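**Student:** Residues per chain, in single letters:
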Amino acid sequence: MKWSEMFTSSIGKKLVMALTGLFLIIFLIVHAGINACIWANDGGEMFNKAAHFMGSTVVIRIAEIGLFLGIFLHIIQGFMLEFQNRSKRKQGYAVPMGNKGSKWYSRSMGLLGTILLLFFILHWWHFWVPARFIGHEELTELEINGVHMHNMYNLMQYTFQELWVVIAYVFACFSLCWHLIHGFQSAFRTVGVSNSKYVNLVQNVGIGYSIIISLAFAMMPVSMYLGWV
Amino acid sequence: MEHYMMNLTLKVWRQKNANDRGGFESYPVKNISSEMSFLEMIDVLNEELIRDGKDPIAFDHDCREGICGACSMYINGRPHGPWEQNTTCQLHMRAYKDGDTITIEPWRANAFPVIKDLVVDRSAFDRIIQAGGYISVNTGNAVDANVMPVEKDKADAAFAAAACIGCGACVAACKNSSALLFVSAKVSHLALLPQGSPERKSRALNMVAQMDKEGFGACTNTGACEAVCPKGISITNIARLNAEFSLAALVSQ
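Quick mapping for you: the protein sequence lines, in order, are chains A and B.
Taking the numbering used here, the leading residue of the first sequence gets 536, the next gets one more, and so forth.
Taking the numbering used here, the leading residue of the second sequence gets 4, the next gets one more, and so forth.
The set of hints was computed from the structure by calculation and includes no laboratory data.
Predicted model only: the values in this text are computed from it and were never measured.
Please note: incorrect hints may appear among the correct ones.
Straight line, CA to CA, 25 Å or less: simulated DSS-like cross-link-like pairs of lysine-lysine [said to hold, decoys possible]:
no. : chain 1 : residue 1 : chain 2 : residue 2
1   : B       : 19        : A       : 625
2   : A       : 635       : B       : 14
3   : A       : 638       : A       : 625
4   : B       : 234       : A       : 638
5   : A       : 625       : B       : 33
6   : B       : 33        : A       : 638
7   : B       : 119       : B       : 14
8   : B       : 178       : A       : 635
9   : B       : 100       : B       : 19
10  : A       : 732       : B       : 234
11  : A       : 625       : B       : 119
12  : B       : 204       : A       : 537
Derived list of chain B stretches under chain A, where covered just means 3 residues or more per stretch with a C-beta under 8 Å from a C-beta of chain A [unchecked claim]:
no. : segment
13  : 209-223
14  : 237-245
Each residue gets a CB set at the ideal place from its N, CA and C atoms; glycine is no exception.
Throw the hints in and build the complete structure from the sequences for me.
**Tutor:** Right, dumping it as structure tokens:
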């Protein structure tokens, strides 16, 4: 079997979704960890240092290319699978099966993923594009221990003064949580975890992971809007 | 259990042949005993239709004891009706009460085209089995039954997977019309036993390739298949097939 045959088979396509999904799951831990520095109560110093490290270290910048490849592969393959799968039943049922046997979020990965994609466009426009390319008047420069860096903390605080932005971010985190609750355990099933001991572990860890990560992300704009940090 | 009689309204999918557009027709059925099976209730209706000179409702059935996998009705939004781990033929009318309306549809999937009314063509499953759902054995004298040691746990897991009757409810329930529960049950049943070992890799590759060729969708692990399976086939088999397929694909030439 050629590589192309493997990755275009129905299981191969799932494998691409699972492997890129697991990669993004690991990325979210790093992203949430770095951002959690805003709660250090030091006026954003720790967060700015962490953000500067991520932006100025060559290994991380190379990994960033991998991250974008992974995320776009996940998005493109996800949409293709969604449309291909939908086309496999030209005539639907008069009485839909609904929740008799499966959870709504496991059937709505395409919708939840689309919400997340729309959120990413907003999110990249808020932070990634100003930091990398076009700058922003609230993205001031500062110097910590003789090192020049962006004041990303300031840009965050400015961005999260708008109520609609905070609501959009919290809504996206809500979508993320459901997307992850299904995606986490589904990814492990797809790579072949069938031993009941591990399936149970993966299920429980997955739910815990999804809630903690989404809650942490959701609390960042909320904390800033309410002036907690 | 209390015996009672009931009158029902059936909304049944009628379609003359594969090319007909088809549509629902309503039929009132009277004096149905709670002790009848669901198919006996359809028999009663069909006898009336024949008496009135109308075309009876075509539906698949064979053993009527839940082991052949022929019956295939999507009843009120669920393959094989409301009971857990049950086939349509083993569904009994005590599941319903007087005055109920029951909607009956055929399995819906491009890979299972409707032949007539509630009968669909499930020969795609046969072709998947032909692609690798077998073992090759040497001819000659019968081998002693206990010559190959099999661990009890594996024998039990293989037997549980072998319980699949190939009815296609998994495909009918899946939002993607995926046949992966069926294929994974057939692959698992042989992969877990020493007799299945020589063709283990080619089996996983060929059966999945045939499944894709037949036009089934890709699995997204929603679990709807497992919930409706009349034989309680676990989606753990799907995870096992995923591993069987991926490893076979990685090491193949």
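**Student:** Taking the hints in turn, state whether each one holds.
**Tutor:** Now the hints, each set against the structure:
1. Restraint check for residue 19/B and residue 625/A: the C-alpha separation of about 18 Å stays at or below 25 Å, so the hint holds.
2. With a CA separation close to 20 Å, the supplied pair residue 635/A and residue 14/B stays within the 25 Å bound.
3. Between residue 638/A and residue 625/A the CA atoms are separated by roughly 23 Å; this keeps the pair inside 25 Å, and the hint holds.
4. At most 25 Å may separate the alpha-carbon atoms for a hinted pair to count; residue 234/B and residue 638/A meet this at roughly 21 Å.
5. Distance restraint check for residue 625/A and residue 33/B: the Cα-Cα separation of roughly 35 Å exceeds the 25 Å cut-off, and the hinted pair is therefore not satisfied.
6. A distance of roughly 37 Å separates the Cα atoms of residue 33/B and residue 638/A; the hinted pair therefore is violated under the 25 Å criterion.
7. Of the pairs offered as hints, the one joining residue 119/B and residue 14/B holds, with about 16 Å between alpha carbons and a cut-off of 25 Å not exceeded.
8. With a C-alpha separation of about 12 Å, the suggested pair residue 178/B and residue 635/A falls inside the 25 Å cut-off, and the hint holds.
9. Of the supplied pair hints, the one linking residue 100/B and residue 19/B is violated, its CA atoms being roughly 30 Å apart against a limit of 25 Å.
10. As the CA atoms of residue 732/A and residue 234/B are separated by approximately 23 Å, the hinted pair is consistent with the 25 Å bound.
11. Annotation: proposed proximity of residue 625/A to residue 119/B holds, straight-line Cα distance about 17 Å (limit 25 Å).
12. In summary, the hint linking residue 204/B to residue 537/A is supported, as the alpha carbons are separated by about 14 Å, within the 25 Å threshold.
13. For the segment 209-223 of chain B, the proposed coverage by chain A is satisfied: 10 residues have a C-beta within less than 8 Å of a C-beta in that chain, meeting the threshold of three.
14. Counting residues of the segment 237-245 of chain B whose C-beta lies closer than 8 Å to any C-beta of chain A gives 8; at least three are required, and the coverage claim holds.
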